[in-house]
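Work out the full structure, taking the sequences as your base and the hints as a guide.
Those protein sequence lines, which keep their order, are chains A, B and C. The first sequence stops at residue 316 when you use my numbering, and every number in between is there. The second sequence stops at residue 303 when you use my numbering, and every number in between is there. The third sequence stops at residue 443 when you use my numbering, and every number in between is there.
Worth double-checking, as some hints may not be accurate.
Below are the DMTMM-like pairs computed for lysine to aspartate or glutamate, each with C-alpha atoms no more than 20 angstroms apart in a straight line [said to hold, decoys possible]: (1) C:K249 x C:D419; (2) C:K278 x A:D156; (3) A:K31 x B:E206.
Note that these hints are calculated values from the structure, not bench results.
If you want the building blocks of each chain, they are given just below.
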Amino acid sequence: MTVTPTKPAETLAPAKGAKTTPARGKRTNRKQLLAIWLFLVPAAVLGLYFKFIPMVEGIRLSLFKVQPFLGDVFVGFDNYIRVLTDARFMEALGHTVVLGLTQTLGALVVGFVLALLLEGQSRSLWVLRTAIFLPVVTALAVVGEIWRILYFPTADGPLNNILSWVGLGPLQFLNGTDTALWSIAVVGIWSGAPYNMVIILAGLTGVDRSLYESAGVDGATIWQRLRYITLPALRPSIVIVLTLAAIRSLRSFTEVYVLTGGGPAGSTEVWMTRMYSLGFQRNDIGVASAAAVLLLVVTLLLTVGTQLLARRKALR
Amino acid sequence: MSQSSTRTPARASKPSASARFDSALGWSPRFGTNMALRIVLCVLVFCVFALPFLAVISGAFDRNSSPTEISLLPKTFTLQNFEAAAQQGLWGYLLNSLVVAGGGLLLQMTVSVFAAYSLSRKKFRGQALVMLLVLMTMMLPEEVIGIPLSLVLGDLPLLGIGLRGTVLAVILPVGIWGFSIFIMSEFMKEIPGEIEEAARLDGVGEFRMLFTIILPLCKPALGVIGIFGFMMVWDQYLLPLIAANDPSDYTLTVALSVLRNDTTVGPGVLLAGAVMAMIPSLLVYLFLQRSMIRGITSGATKG
Amino acid sequence: MDSKKMSRSRAAVALTIASAAVLTGCGAGSSAPAATDDGQPIEVWARAGTDAATTYAALFKEFTAKTGVQVNFQGVPDLDQQLQTRAASKKLPDIVINDSAALGNYTAQGYLQTLDKSTVAGNDKIADSLWDEAKGLDGATYGVPFSRQTMVTMIRKDWREKLGLPVPKTQEDLAALAQAFATQDPDGNGQADTYGMTVPGSTERGYLGWWASSYIWQDGGSYLKDEGDGKYAATASSAEAEKGVTWIKQQFCTPGNTQPGALTAATSVASPFFQTGKTGIILTGPYNLTAFDTALGKDTYEVIEAPKGSVDNTVLAEGENIYVTASNGKPEQTRKVIDYLVSPDGQKAGMTAGKQPIVRVPVNADVDAASVYNDPRWGVVQDALKDSSKAFPSAINFVPVKQAAAEALNKIVSDCGSDNVASGLKDLDTAINNELTSQNAKS
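Rendered as structure tokens:
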């Protein structure tokens with residue numbers, strides 16, 4: 001059997017559009033059709049009950065003033081107007097985008113580097129990879145506590161201590177209005193990179209080793225090898241990482257809440273913290289739902305965009 | 001880098017040549033500046049990512065762990081934090097978490113594998129739409145669907161069964177996770193159609209196709225959804241909270257969160273709890289790594 | 001074939017969403033059923049962690065022994081979330097014991113029944129001011145006071161004595177003491193690692209607004225004022241409030257007077273600073289006394305009367321009420337439970353029956369906290385409660401006001417360079433007035 005390298009164009013051809021083999025007649029198609037639906041049924045049933053029904057209800061609530069006991073009151077788009085005209089909401093939106101972009105790209109790059117560095121069979125690498133996975137398995141609250149201490153804003157805070165070795169002055173980190181957002185981004189990259197490392201490592205296993213060999217024979221440098229063999233082969237992994245990042249980054253909440261609570265002076269407010277202040281803290285579920293629906297729409301657009309971009313690049 | 005210099009003699013020495021092509025960057029197993037660089041980088045990476053957790057672990061074993069400073073070694077070694085944690089019933093919550101995570105993960109992986117097979121290996125119109133729906137399930141924050149979900153759990157529409165207070169109330173909702181379906185689907189798409197063609201010529205049916213042909217080629221993806229799925233179920237907070245009829249049904253994550261808000265509980269106990277919570281996920285990761293790092297002899301897509 | 005497949009798939013997807021919509025449509029927005037006695041034991045909920053739950057359990061055991069009335073008690077750590085879930089299924093627990101501040105929210109949501117103060121045995125033992133705090137916007141009584149407490153000022157006695165400084169009596173004294181703690185190495189370890197005040201300056205849950213309220217009241221200002229008839233108006237930009245906020249800003253902007261990172265610290269982050277000997281002053285509730293005793297030792301710190309501002313030494317008072325929900329169809333049993341909970345026996349049980357007191361300062365005037373706890377420090381709390389405390393208005397939902405205050409104050413104090421107190425407080429006025437309008441409580 002011929003070796004089939006994982007070149008983008010070839011692998012995607014069978015996955016997209018019509019199959020190259022001629023139709024085998026209706027009986028195969030019917031059997032296959034049955035299989036499609038049968039295999040989708042568990043996911044569909046669970047999804048319907050535990051995802052879509054609550055989601056539709058959640059979206060419905062955004063049009064109401066929610067009073068669980070007294071009965072909901074229809075208010076049309078009032079909740080949406082409330083959210084969109086909130087002065088800090090627009091600021092929070094900006095912060096969310098900045099944080100999202102920085103964390104996504106940072107975690108992707110660092111995750112990629114980690115995967116390249118730690119790829120291999122040896123026992124020590126195994127242990128190292130597990131140790132580096134610690135930020136991912138630890139509760140976010142604990143991670144927050146650790147970083148609060150590391151970020152202690154005086155000269156004898158741990159990070160400031162290390163910075164002083166290279167001659168940099170003590171930074172305010174979480175305490176300063178212009179440094180707080182970046183400090184949170186660093187924590188996000190730190191806890192997200194090992195996550196991406198795992199996905200990319202899994203993708204690296206699919207790279208055909210014979211390609212590396214032939215590249216070696218052709219005298220390619222490491223950079224060329226990376227660029228022309230590894231990266232294209234990692235395309236699906238990178239698409240996965242970016243799609244998930246698009247969905248997740250807009251929803252970052254816990255790390256912001258734990259580290260700064262949205263301050264100082266609202267410099268780290270993000271979409272979800274605003275949703276909390278406007279909605280849940282006031283027991284105004286309608287407003288919270290409206291904010292969430294807006295989030296859903298933006299996430300949807302972003303996801304569809306990412307998927308389209310990925311498909312287009314692949315077919316090229 | 002010194003790669004160029006080690007490449008020309010490569011044709012002569014076979015073992016190091018094949019090893020050099022085992023990884024993307026071409027790390028050579030021989031000692032040299034290459035290895036030294038790698039060791040330095042690894043140490044640096046270890047310090048950045050893993051060292052802070054030494055502080056967590058040492059704090060868990062420290063009698064007077066201070067939440068305002070971190071120390072890498074416990075000042076006074078003691079097991080009392082874990083004893084106090086036992087008194088708070090944390091081991092019981094750990095058991096709840098294990099049951100829920102085990103059952104939930106099993107269901108989740110099964111559902112995801114079947115759904116992904118449909119979405120990636122079969123062609124039907126509306127496929128993109130279904131995938132979009134799958135992704136959409138991840139787009140609404142769980143707090144917003146919390147109350148409606150609790151209503152559904154209390155009384156399933158059309159079936160009229162109440163699930164609250166049962167383990168199923170947590171296992172069933174986590175059985176569907178867009179992330180798993182998405183990842184499995186993307187990895188399954190990479191398998192060339194020729195393999196499937198050949199199998200069909202041999203008259204292989206759908207189930208056999210999935211389990212004997214496609215799945216073995218997706219081991220890395222299974223590893224990924226295994227570890228991340230486990231963590232996703234393990235870290236669930238809102239769902240066990242609304243599903244429980246009794247505080248004794250809480251999972252470890254919920255219990256730790258409750259303790260965190262209790263002013264009389266010392267930081268040492270919280271750290272002990274955090275360490276307890278970390279270990280199962282680490283073990284699952286350790287175990288599943290095997291599938292994610294290719295073996296020297298196995299080939300993912302070769303013949 | 002293709003188009004059939006296409007329409008079939010499309011139809012399936014559409015069917016999914018439609019069925020979801022239909023299934024959720026049923027059971028929407030109907031109002032609550034009338035309250036009846038279902039023959040089950042009376043259901044009492046309270047916000048309680050495991051330790052506090054033991055006290056409640058012991059207390060209700062005593063109650064059942066005395067009266068024969070069975071009680072189904074649930075200590076719920078995440079009370080708000082669970083209560084909403086129960087509300088959504090239209091069946092609230094019969095009695096809820098929760099913060100007095102929750103009254104505004106609960107009345108707005110229709111959760112509560114009104115109470116007749118005179119039906120409570122021993123209602124004259126509870127101060128009128130406390131009963132007033134349990135009134136809703138319409139003037140009716142919605143809760144029975146159960147437990148109260150005030151913030152107290154605690155100082156590291158050993159540090160203060162080492163530096164030879166007296167107990168601070170005014171806000172200026174307090175500021176000077178804080179500065180001394182930061183600059184004169186009171187713990188004698190040769191390092192500049194001590195600070196003055198422990199401040200939860202985060203906007204999270206409105207902590208800064210909560211902490212600052214005492215100091216603003218002490219200078220004669222306040223966030224809003226009661227105009228009567230269930231109407232309020234914002235007063236955050238008054239000259240007195242400005243004075244108080246200026247003093248607060250000075251503390252944040254003088255290095256050392258507050259602990260580093262105060263701007264983003266919640267109480268869970270700030271309190272450990274006092275507990276581990278990094279700061280010397282803290283304004284907090286008496287629930288921390290046990291923790292501090294264990295960490296620092298009873299003799300290293302002292303509980304003092306709050307230092308005076310320019311007007312007085314008011315501190316924030318908070319507490320818990322007993323609420324009777326609209327689903328409660330058991331008036332007889334409810335009366336017995338309430339009577340017991342506010343009786344001297346019930347109050348004492350709440351203070352001593354389990355691992356953690358659920359009654360801090362008793363509302364029953366016949367019970368003396370200092371003697372029951374055998375700790376004179378509680379006398380300071382009790383006196384402050386009686387003579388120099390104020391509570392946030394509970395008839396409105398004060399949480400958003402507290403949040404707005406925290407956000408405004410955080411903004412003011414984080415910019416030390418500019419003169420933004422007046423303008424920041426004006427913005428706060430606007431925010432508070434907007435909030436009052438949305439709650440139909442604006443005068």
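Results for each hint:
| no. | hint | in the structure |
| --- | --- | --- |
| 1 | C:K249 x C:D419 | holds (10 angstroms) |
| 2 | C:K278 x A:D156 | holds (13 angstroms) |
| 3 | A:K31 x B:E206 | holds (9 angstroms) |
This entry satisfies every hint, going by the numbered hints stated previously.
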